[in-house]
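Chemist: Sequence:
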Amino acid sequence: MNRIAVYTGTFDPIHLGHVDIIERGSRVFDKLVVGVGINPDKAPLFTLDERVKLVKEVVKTNKNVEVMPFTGLAVHFVREIKANCMLRGLRTTSDMEYEFTMSLANMTLDSEIETVFLMAKDIYSHLSSSLLKQIAAFGGNLEKFLPSDALNLMQGKLAGVKKGMR
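Take 228 as the starting number for the sequence shown in my numbering and just add one per residue.
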């Protein structure tokens, strides 16, 4: 029996904390599918296609990791690809509260899907895509937070946004 897990998120952009969870998850499961989705509560900087392409580029050396876009509920996506486990990363106690609520809701929607949590490494426990976009908007250096592919794309995107504001 193959152990297939799904790690979902908006990945706008993917950062080193995400990459760490993906790499560690790929060692725990036979196959890890990274589901790049849409969160209606967030205004993404990158399109879904850009995010999928970027995540694929960043994880291309992980042979048992696949990247797919999805829309709708994560549990439906998990079922569509015939997985039965969701992988989630936990950074802080506020994450725990949010993820606890989400895992209970997911369990109610589909009782056969399990959720497995990996604690963020301390060096990544403060990272969020929202924080990184804020740092970038004010000209901060993101080299310590983003994979090089994401850094280049972020710099290019922000340069285009600033140029359009002139």
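Derived from the structure by calculation, the hints contain no laboratory data. Ideal Cβ placement from N, Cα and C applies to all residues, glycine included. Some clues are possibly wrong.
Calculated pairs, SDA-like style, for lysine to any residue (alpha carbon to alpha carbon, straight line, at most 20 Å) [what the hints assert, rightly or not]:
(1) Lys269 x His353
(2) Lys287 x His353
(3) Lys290 x Val255
Computed beta-carbon distance windows for the label pairs [said to hold, decoys possible]:
(4) Glu370 x Asp257: 16 to 24 Å
(5) Gly367 x Asn266: 31 to 39 Å
(6) Thr335 x Gln382: 36 to 44 Å
(7) Lys348 x Gly299: 13 to 21 Å
Chemist: Each hint should be assessed against the structure and marked as holding or not.
Modeler: Here is how each hint holds up against the structure:
no. : hint                        : result
1   : Lys269 x His353             : holds, 19 Å
2   : Lys287 x His353             : violated, 25 Å
3   : Lys290 x Val255             : holds, 13 Å
4   : Glu370 x Asp257: 16 to 24 Å : violated, 34 Å
5   : Gly367 x Asn266: 31 to 39 Å : violated, 24 Å
6   : Thr335 x Gln382: 36 to 44 Å : holds, 42 Å
7   : Lys348 x Gly299: 13 to 21 Å : violated, 31 Å
Violated hints, in rising order: 2, 4, 5 and 7; the structure is consistent with all others.
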